[in-house]
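Given chain A, work out where chain B should sit, using these hints.
Next come the chains, spelled out residue by residue.
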Amino acid sequence: MINNDSIFEIRGLKTQFFTSKGVVPAVDGVDITVRKGEAVGLVGESGCGKSMTAMSVMQLLKKPGRVVEGTIKLNGEDLLKMNKREINDIRGNRISMIFQEPMTALNPVYTIGKQAMEALMIHQKISKEEAKAKVIDMFAKVGIPEPEKRFSVYPHQLSGGLRQRVMIAMAMICNPELMIADEPTTALDVTIEAQILYLMNQLQKEVGTAVIMITHNLGVVAESCDYVYVMYAGKIMEEAPVKELFKNPLHPYTFGLMNSIPKMTEVKTHLYTIKGMVPNLLNLPQGCRFCPRCDKAMKICTMYQPDLYELEDGHKVRCFLYNKEVMESGK
Amino acid sequence: MENRKVLLETKDLTKEFKTKSGAWGKNKATVHAVTDVNLNVYEGETLGVVGESGCGKSTLGRLMLRLLDATKGEVFFDGTELNTLKEEELRHMRKQMQMVFQDPFASLNPRLKIKEIIAEPMITHNMYTGKGEMEDRIADLLKKTGIRPEFMNRYPHQFSGGQRQRVSIARALALNPRLVICDEPVSALDVSIQSQILNLLGDLQAEMNLTYVFISHDLSVVRYLSDRVCVMFLGKVCELGITRDIYARPLHPYTQFLLEAVPIPDPEKKKEAKNMLSGEIPSPVNPPSGCYFRTRCPYATERCAQETPVLREVEPDRFVACHLMDK
Chain A
1 MINNDSIFEI RGLKTQFFTS KGVVPAVDGV DITVRKGEAV GLVGESGCGK
51 SMTAMSVMQL LKKPGRVVEG TIKLNGEDLL KMNKREINDI RGNRISMIFQ
101 EPMTALNPVY TIGKQAMEAL MIHQKISKEE AKAKVIDMFA KVGIPEPEKR
151 FSVYPHQLSG GLRQRVMIAM AMICNPELMI ADEPTTALDV TIEAQILYLM
201 NQLQKEVGTA VIMITHNLGV VAESCDYVYV MYAGKIMEEA PVKELFKNPL
251 HPYTFGLMNS IPKMTEVKTH LYTIKGMVPN LLNLPQGCRF CPRCDKAMKI
301 CTMYQPDLYE LEDGHKVRCF LYNKEVMESG K
Chain B
1 MENRKVLLET KDLTKEFKTK SGAWGKNKAT VHAVTDVNLN VYEGETLGVV
51 GESGCGKSTL GRLMLRLLDA TKGEVFFDGT ELNTLKEEEL RHMRKQMQMV
101 FQDPFASLNP RLKIKEIIAE PMITHNMYTG KGEMEDRIAD LLKKTGIRPE
151 FMNRYPHQFS GGQRQRVSIA RALALNPRLV ICDEPVSALD VSIQSQILNL
201 LGDLQAEMNL TYVFISHDLS VVRYLSDRVC VMFLGKVCEL GITRDIYARP
251 LHPYTQFLLE AVPIPDPEKK KEAKNMLSGE IPSPVNPPSG CYFRTRCPYA
301 TERCAQETPV LREVEPDRFV ACHLMDK
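Just so you know, the sequences run in chain order A and B. Be aware that the first sequence starts at 1, since it is given in my numbering, and climbs by one per residue. Be aware that the second sequence starts at 1, since it is given in my numbering, and climbs by one per residue.
Isolated chain A (complex conformation):
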């Protein structure tokens, strides 16, 4: 699965919100690489900046939010340097997005067929009839029963699971190189969640689309991603291939996150907890952002921000515990 031809690269992305209370650094120097056909997970708790990273890529940020620094390159072309028309050519065509709430992401006054045709009609010079045929094909592919009949149905007539299938059909219809899925199964029941994850997996293999899966659910990551980034308070804290990360979580935050979820297979009398709560982005600690909640915090952690250190096996972690110089100098 792992190959070296990266198709999508985010480098040094900084997205900030200029509010009356101060500047909120929602995304603070994020690097993400996606290789062809790969599924990349972006995990974190609410407010860690994972959705804002996606919105920055799609250039859907609302005021007072703005990308202040960095590059977002799709096959070498920097999206941030493009004008509106060039972005519109890419959005929904070469990069598409699935949102969390299938209830609100679809337009209630148009039929699902018409909405799905929109992307095709804009991006590909084809006739209405061709577009309709393609949409019906796609609906069948994503497992919508009776696609011809459902073509002229309104979103409210469908269940949550079917609406999410419509969203996936819309996102996949132009065969995008990259699909960003922001909590695509969070609003769904478990049996439906399993169906949707399976479907996304199948389509990804078939079409070769790369996926960025944004989620807070470690189970979803384990089952559907090849490579994982863990995000906390606007920064990437750790990144590794999925098996390596789950086997060997290095950052105290990742370790805490994995051990604080109850497991189906084991019974414990007490769950591990990460003390305290996520910091206010307007009032961040001076040193490491996780430091006030960390069991292993050292003196240096309160003073300086650690870099993302790369270990020998390629596993990367933003923590002084893995910096040889710091550890040898005796804290």
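Think of the hints as simulated: they come from the structure by calculation, not from any bench. Treat the hints with caution; some may be incorrect.
[To be verified] With a straight-line cut-off of 20 Å between C-alpha atoms, the simulated EDC-like cross-links for lysine to aspartate or glutamate are:
1) B:Lys270 with A:Asp226
2) B:Lys274 with A:Asp226
3) B:Lys271 with A:Glu206
4) A:Lys141 with B:Glu268
5) B:Lys270 with A:Glu9
6) A:Lys263 with B:Asp218
7) A:Lys243 with B:Glu268
8) B:Lys270 with A:Glu148
9) A:Lys263 with B:Asp227
10) A:Lys247 with B:Asp266
11) A:Lys263 with B:Asp266
12) A:Lys263 with B:Asp203
13) B:Lys269 with A:Glu244
14) A:Lys263 with B:Glu87
15) B:Lys269 with A:Asp226
16) B:Lys271 with A:Asp313
17) A:Lys275 with B:Glu315
18) A:Lys243 with B:Asp266
19) A:Lys263 with B:Glu280
20) A:Lys149 with B:Glu268
21) A:Lys247 with B:Glu268
22) A:Lys205 with B:Glu135
23) A:Lys243 with B:Glu280
24) A:Lys243 with B:Asp227
25) A:Lys36 with B:Glu52
26) B:Lys271 with A:Glu146
27) A:Lys324 with B:Glu45
28) B:Lys269 with A:Glu266
29) B:Lys271 with A:Asp226
[Stated by the list, open to error] Incomplete in silico selection of chain A near chain B, CB under 7 Å:
30) Ile122
31) Ser152
32) Val242
33) Leu257
The C-beta atom is built at its ideal place from N, Cα and C for all residues, glycine as well.
Only chain B this time, still in chain A's reference frame:
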């Protein structure tokens, strides 16, 4: 199990909602939210109630406290039937049973200080006459639930989601209840906060000898907290038993699929192909004949369409409603 004391018992508990839609409400329909539920809740245990959205688990919780009036059936709390009680008697009874709701943002009045929120049930039930006495008690409750007592003069918006849920728990415990119904108490919280609240609920139960009915869609959370678990589908109980046994060896097909569907946070255990349920959850307005699950069940036979399976004890402490158990 026999020597344990039954704290709450439901008999054939049923709730139907009448709905109207269309112009002037000409399309009338009946939603079968909860149908013929027979359950015992034993003193000191945690009974987990799991199921997907619309399966009636929240309605069941509300029926247990008579926050909703049942269409049919009875609820006995410590031997007293709740539906026959008069308003005044019921209020008296409610001292012993409290509820923690899902959304800590909606369930706390934003105009009250948290000390007033926690005092409200105690004032309603005339628990204290002196103001100082009551404040001591509030400080004590806040300490117990992990909030600094100095914060009692703050308003809900000054707290995070996890802290608000702690306030809701403090309020539920203010009257020293015996039974607490927790309706999805951690599903609105982040993972790292969720474990704090789950540990708190566990500690409080041991300390105050509480009985919990824990309603949740999250099977891992239910596994962690419950002694017994009740699996619901479309308003009916399909399986009931000791948590450990059910998770190790689910008998009802629905329970099997439900457990299999949960994503496991371990990529080494990832299966290439899961056994998945096809189709959608049928509508509670127009449930299928016979077994409600049969339209999604791969093992369904002719008999499942004609005859409704009854929940019966198939082995000690294990109840299943499925015709397959007859073989």
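Hints, verified against the model:
1. With a C-alpha separation of about 12 Å, the suggested pairing of Lys270 of chain B with Asp226 of chain A holds against the 20 Å cut-off.
2. The hinted pair formed by Lys274 of chain B and Asp226 of chain A meets the criterion: a straight-line CA distance of about 18 Å does not exceed 20 Å.
3. For the proposed pair Lys271 of chain B and Glu206 of chain A, the alpha carbon gap of about 19 Å is at most 20 Å, so the pair holds.
4. Simply put, Lys141 of chain A and Glu268 of chain B have alpha-carbon atoms about 29 Å apart, too far for the 20 Å limit, and the pair is violated.
5. As the CA atoms of Lys270 of chain B and Glu9 of chain A are separated by approximately 28 Å, the hinted pair breaks the 20 Å bound.
6. Simply put, Lys263 of chain A and Asp218 of chain B have alpha-carbon atoms about 11 Å apart, close enough for the 20 Å limit, and the pair holds.
7. Using a Cα cut-off of 20 Å, the hinted pair Lys243 of chain A and Glu268 of chain B holds, with the two alpha carbons roughly 7 Å apart.
8. Restraint check for Lys270 of chain B and Glu148 of chain A: the C-alpha separation of about 35 Å exceeds 20 Å, so the hint is violated.
9. Our distance criterion of 20 Å between C-alpha atoms is met by Lys263 of chain A and Asp227 of chain B, whose separation comes to about 15 Å.
10. For the given pair, Lys247 of chain A sits about 8 Å from Asp266 of chain B by alpha-carbon distance, which is consistent with the 20 Å threshold.
11. The suggested pairing of Lys263 of chain A with Asp266 of chain B holds, with an alpha-carbon distance near 10 Å, which does not exceed 20 Å.
12. Taken as a hint, the Lys263 of chain A and Asp203 of chain B pair is honoured in the structure, with Cα atoms around 19 Å apart against an allowance of 20 Å.
13. Between Lys269 of chain B and Glu244 of chain A the alpha-carbon distance is near 13 Å, which keeps this suggested pair within the 20 Å criterion.
14. Between Lys263 of chain A and Glu87 of chain B the CA atoms are separated by roughly 43 Å; this puts the pair beyond 20 Å, and the hint is violated.
15. Proximity of Lys269 of chain B to Asp226 of chain A is assessed by CA-CA distance (about 14 Å); at most 20 Å being required, the pair is judged to hold.
16. Between Lys271 of chain B and Asp313 of chain A the CA atoms are separated by roughly 26 Å; this puts the pair beyond 20 Å, and the hint is violated.
17. This hinted pair does not check out: Lys275 of chain A and Glu315 of chain B have alpha carbons roughly 43 Å apart, beyond 20 Å.
18. With a CA separation close to 8 Å, the supplied pair Lys243 of chain A and Asp266 of chain B stays within the 20 Å bound.
19. Between Lys263 of chain A and Glu280 of chain B the CA atoms are separated by roughly 27 Å; this puts the pair beyond 20 Å, and the hint is violated.
20. Taken as a hint, the Lys149 of chain A and Glu268 of chain B pair is broken in the structure, with Cα atoms around 41 Å apart against an allowance of 20 Å.
21. The hinted pair formed by Lys247 of chain A and Glu268 of chain B meets the criterion: a straight-line CA distance of about 9 Å does not exceed 20 Å.
22. A C-alpha spacing of about 62 Å is found between Lys205 of chain A and Glu135 of chain B, which places the hinted pair above 20 Å, so the restraint is violated.
23. At roughly 32 Å between alpha-carbon atoms, Lys243 of chain A and Glu280 of chain B are farther apart than 20 Å, so this suggested pair is violated.
24. Pair hint Lys243 of chain A plus Asp227 of chain B does not hold up; C-alpha atoms about 32 Å apart against a cutoff of 20 Å.
25. For the given pair, Lys36 of chain A sits about 36 Å from Glu52 of chain B by alpha-carbon distance, which is inconsistent with the 20 Å threshold.
26. As the CA atoms of Lys271 of chain B and Glu146 of chain A are separated by approximately 30 Å, the hinted pair breaks the 20 Å bound.
27. Distance check on the hinted pair: Lys324 of chain A and Glu45 of chain B sit about 50 Å apart at the alpha-carbon level, beyond 20 Å; violated.
28. For the hint pairing Lys269 of chain B with Glu266 of chain A, the CA-to-CA distance comes to about 14 Å; that is within 20 Å, so the pair holds.
29. In summary, the hint linking Lys271 of chain B to Asp226 of chain A is supported, as the alpha carbons are separated by about 14 Å, within the 20 Å threshold.
30. At its closest, the beta carbon of Ile122 of chain A sits 31 Å from a beta carbon of chain B; the interface hint therefore is violated under the 7 Å criterion.
31. The closest approach between the C-beta of Ser152 of chain A and any C-beta of chain B is roughly 20 Å, which is over the 7 Å cut-off, so the hint fails.
32. Given hint, Val242 of chain A at the interface with chain B, holds; its Cβ is 5 Å from that chain's nearest Cβ, closer than 7 Å.
33. With a least beta-carbon distance of about 6 Å to chain B, the hint placing Leu257 of chain A at the interface is held under the 7 Å criterion.
The structure is inconsistent with the numbered hints 4, 5, 8, 14, 16, 17, 19, 20, 22, 23, 24, 25, 26, 27, 30, 31, although it conforms to all the rest.
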